Amino acid sequence: MSAVALSRARPATRRHRVALACGLAIVLAWAVVAALWPHLAPYDPELQDPAHRFLPPGPGHWLGTDQFGRDTFSRMLAGARPVLLVAPAATALAVVAGTLVGLAAGSRGGLVDEIVMRVLDAVVVFPAIIAAVLFVALAGRSVTVVVLVIAGSFVPIVAKSVRAATLVEREKAYVEAARLRGERALTLREILPNVLPTVLVEATSRFGDAIFAAATLSFLGLGQPPGSPDWGASVSDNRLWLQPAPWTVLAPALAIASLVVGIALAADALRGRWEAS
Amino acid sequence: MSTAGNTSGNIAGDTRESVSGIAGLAVEDLSVTYRTGRGEAAAVTGVSFRVAPGETYGIVGESGCGKTTLGRALGRHLPPEGAVTGGSVRLDGADVLELSPAALRAWRATSLAVVHQEAGGSLDPTMRVGAQLAEILRARGHGRAEARREVLRLLGRVLLPDPASIARRYPHQLSGGQQQRVVIAAALIGRPRLLVLDEPTTGLDATVEHEILELIGLVRAEIGAAVVLISHDLGLVARLCDRVGVLYAGRLVEEGRARDVLAAPAHPYTAALLAAVPRFGESRRDRELTAVPGRPPAPGDAPPGCAFAPRCALADDLCRRTPPPLEARGAGHVARCHHSARLPEPRLAGSPPALAPAGEPGPPLLEIGGLTRRYGRTAVVDDVDLTIGRGEVLGLVGESGSGKTTLARAVAGLGPRGSGTILLDGRPLPAAVGRRDGRARRRIQMIFQSPDASLNPSHTVRVILARALRSLRGRAAPEDLAASAGLDPHLLDTRPARLSGGQKQRVAIARAFAGEPDLVVCDEPVSALDVSVQAGVLRLLSERQRATGTSYLFISHDLAVVGYLADRVAVMYRGRIVEEGPAERVLRGPHHPYTSSLVAASLARFGEAPARPGQDPAGAPAAPVRATGCRYADRCPSRVDGLCDAEPPPLRTAGDRHRVRCHLDPRDLPRAPANAAPHPPRDEEEFSAPDP
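Residue numbers (our numbering), protein chains in the order written: chain R, 264 to 540; chain S, 104 to 795.
Chain R on its own, in the form it takes in the complex (with noise of 0.2 Å):
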């Protein structure tokens, strides 16, 4: 019967490598253009040039300019590295933080259980936006603060499959098996381990999501102010020239598109690996 298994799967592991290969060099890419673009970008991305407001794509400028004459391409390049500064920050904050409440509440059980969803389903019924609005008010704009709103409204999500996850490995019989032992750090050392393709799941859709919250964010204006290269800001300050010069919206746009498929693709492909392994 292995052989049956091993044949079935076969076919679409290879449909995973392929996947998974693409998907990563897409995010790698991205990941190399935020870190070197002040030596990869033809001109500065900051660079205003009235003299050559709106020009369509050509040998000069790659992508055109904008309002400004500023040089597209090169502010598309420059536009990744906040993006890809906020959104891991935030994910990787939202992941563990939310691991952690996921696990307490699952293994504990009873009211400490109860509780701790109670509250992650009143932060999950605010709204998100909201929220940001709020923060921002309060704790005025930084990189800090639009992390901090991102990861906070993932926190329930990562917990809640953290938690159903840890609610089925704790029925098992060799967690039972180590309770009867009197196990220390039963939590950790038992069932982590058993739940960590669920965080890794969480960790890649959630960095798909928060690269979407971190554009959205400087859309509306509360994350990089109006005026940088960020993506999302890009799409918010262009986006009245979208009819007469639709490439400066369509350049941020698809970039943002473009990273967020390539974490999907190695998402999905990592998942069917660990369904198939």
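These aren't lab readings, by the way, just hints derived from the structure by calculation.
Computed from a predicted model, the values in this text were never measured in an experiment.
Positions of the beta carbon are idealized from the N, C-alpha and C atoms, including for glycine.
Mixed in with the good hints there might be a few duds.
Computed, partial: chain R to chain S, Cβ under 10 Å [as the list claims (entries may be wrong)]:
(1) D384
(2) Y437
(3) V438
(4) E439
(5) A440
(6) A441
(7) R442
(8) G445
(9) R447
(10) R452
(11) I454
Covered by chain R, per the in silico footprint, the following chain S stretches (three or more residues, Cβ under 8 Å) [unchecked claim]:
(12) 512 to 524
(13) 549 to 555
(14) 632 to 639
To list a few chain R residues with every Cβ distance to chain S over 10 Å, as calculated [unchecked claim]:
(15) P322
(16) V387
(17) F398
(18) S499
(19) P507
(20) V524
Assemble the complex: chain R is given as a structure, and chain S must be docked to it using the hints.
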């Protein structure tokens, strides 16, 4: 043999009068391969057999020997990677393998019926069972009202009580046995010509299995189809089949009449499978079980020569070089072995080990008093008193739902809390494991039923054992611990996913023994294992017990297994202990009428005694516990009306240390049939108390 083309367009009734004119199933030289990453792997090689209409043919072998693949090939239900690479499957003369897709569909609908393991899986959970059966009937052209009538008739035929109410239920509202009955009812629609039963009772407990086998025996005579029964369980095959084929590594290694094959196997593999099963009444004091060493080769990995040679005690160079041919060993009895003549008597293998007398005198190790455990409002364990002596193996039997697992878990400190006392060495133990101190925790360990769930999948065997050694203050090294459980040292650095079921259970046993426990609770430790593996695990449990003097609370639904290992046996029914006493006395009787029904089920498996049909009405276990009188009264054949259903039965002494909770006088209690009774105990003096 080019008639196949002619008949491929014909279906159903027409195929019966085909050119070749052979009625029943004829499989000729059938081979099946699977496409794998490493190329083609042969799963079934050159298998030929015939099954006449009305005959039942059993296919036995361990898991991984190609049984299921063969069963699927008969109905052309192979998974996409599998392909028939040679041979033919003819039913009533028509070659099934040559049918066009449309003809195959029609053939399956009219001539084939398959009953799978896990009946629940083949029923649609969102449809009432009556509607599911009616759907099949409607597809065959029955009218709505006619289909409804027919459904009730079919459900009645598979002996389901109150068919009208069963038809209205959803699959999850039925017990496993009832689900299997519904699937059998579906299989009976349209009088199939070929009925394939793939492990039809695996996962059902002994009494339910017994009922299902009764039913299969009943319907097979009625429908006159060729029946193929696939199982790893020789006892089951022995009981139900006319002829048996033993499959090993995709080849038929022995074939013959069931009673010939089981009485005098001509292939060492068959002999080894037989020696691996404890018979009813056989104790570890009589015979050591012998496991079949190793595992069957994976498809495509069979060695040249005889595929069984690496695991065979008789193998020599000839076996390793030349595959043995299928040769006659008697009337209709063939085997594929070079050394059939040298085969030892199967039942005499293994000599009895020297055992210390069970249950040393002195204060008991564990005393359970008035223990009650509830799930919701129902008391699953109800006012149970039990003692376990030092170095004693107490066997606990009962059907599923009897509360035996809940009782065992309560001893270990798991499960719901409730009233009652548990004394360890006379000192009370807190009910919850979390409240027990380190010493008490270390003294009671547990081995769980499911080998897959009982080991942490993220840890290697070494880590699992090392963690147990640390928390249980064991002094051994992981290597020694593994060796004591018969585990290969190279397995230490593998994770559980790569281990077989038997190996996993050995790790679980090693882990339980890490800190020299006084009591190990064994919750059905072999129920999930193949018979060939079961023997090895039972033997290990017996060895560890002998070597360490640890007491066991050993739970099983299989009376033969419990009788093999236990010194004393307690029988549980619906939360109550109905009988308790020395193993031989409980098995031999006089015993409780419920114990008697368990004994009958166990004996019938080996064809050693006729089954007693009609004793346990199907579905009775799902009835609510009666408020007054004896809980077994509704199913009891010896019921005294007006007494058993009104007064709770007293606990009577039926002999030395043997107590039965029944209204009947011990003189009138049933006994096991004389020819099948356990061997009289060696030390007859010990049991010379006046036989009532």
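How the hints compare with the structure:
1. For the restraint placing D384 of chain R at the interface with chain S, the shortest Cβ-Cβ distance is roughly 27 Å, beyond the 10 Å limit, so the hint is violated.
2. Hint on Y437 of chain R holds. Least Cβ distance to chain S is approximately 4 Å, under the 10 Å limit.
3. At a threshold of 10 Å, the smallest CB-CB gap from V438 of chain R to chain S is about 8 Å, leaving the interface hint in force.
4. At its closest, the beta carbon of E439 of chain R sits 6 Å from a beta carbon of chain S; the interface hint therefore holds under the 10 Å criterion.
5. A cut of 10 Å between beta carbons decides the hint on A440 of chain R: the least distance to chain S is about 6 Å, and the hint holds.
6. With its C-beta approaching chain S no nearer than about 8 Å, A441 of chain R sits inside the 10 Å limit, and its interface hint holds.
7. Checking R442 of chain R against chain S by beta carbon gives a least distance of about 6 Å; that is within 10 Å, so the hint holds.
8. With a cut of 10 Å, the hint placing G445 of chain R at the interface with chain S holds, because the nearest CB-to-CB distance is about 5 Å.
9. Nearest Cβ of chain S to the Cβ of R447 of chain R: about 8 Å, under the 10 Å cut. The hint holds.
10. The criterion of a C-beta within 10 Å of any C-beta in chain S is met by R452 of chain R, whose closest approach is roughly 8 Å, and the hint holds.
11. Because the smallest distance between the Cβ of I454 of chain R and any Cβ of chain S comes to about 9 Å, under 10 Å, the interface hint for this residue holds.
12. Restraint check on the region 512 to 524 of chain S versus chain R: 3 residues with Cβ-Cβ distances below 8 Å, three needed, restraint holds.
13. Three residues within the 8 Å Cβ limit are the bar, and the region 549 to 555 of chain S against chain R gives 4, so the coverage statement holds.
14. Here's how the region 632 to 639 of chain S fares: 0 of its residues keep a CB closer than 8 Å to some CB of chain R, so the rule of at least three is not met and the hint is violated.
15. Listed as outside the interface, P322 of chain R is consistent with that label: its C-beta sits roughly 50 Å from the nearest C-beta of chain S, beyond the 10 Å cut-off.
16. Here V387 of chain R stays apart from chain S, with its beta-carbon at least about 30 Å from theirs, past the 10 Å limit.
17. Here F398 of chain R stays apart from chain S, with its beta-carbon at least about 38 Å from theirs, past the 10 Å limit.
18. For S499 of chain R, the shortest C-beta to C-beta distance to chain S comes to about 46 Å, beyond the 10 Å cut-off, and the non-interface label holds.
19. At the 10 Å boundary, the C-beta of P507 of chain R stays outside the reach of chain S, the nearest C-beta of that chain being 55 Å off.
20. Every Cβ of chain S is farther than 10 Å from the Cβ of V524 of chain R; the closest lies at roughly 30 Å, confirming the non-interface assignment.
Of the numbered hints listed earlier, those contradicted by the structure are 1 and 14.
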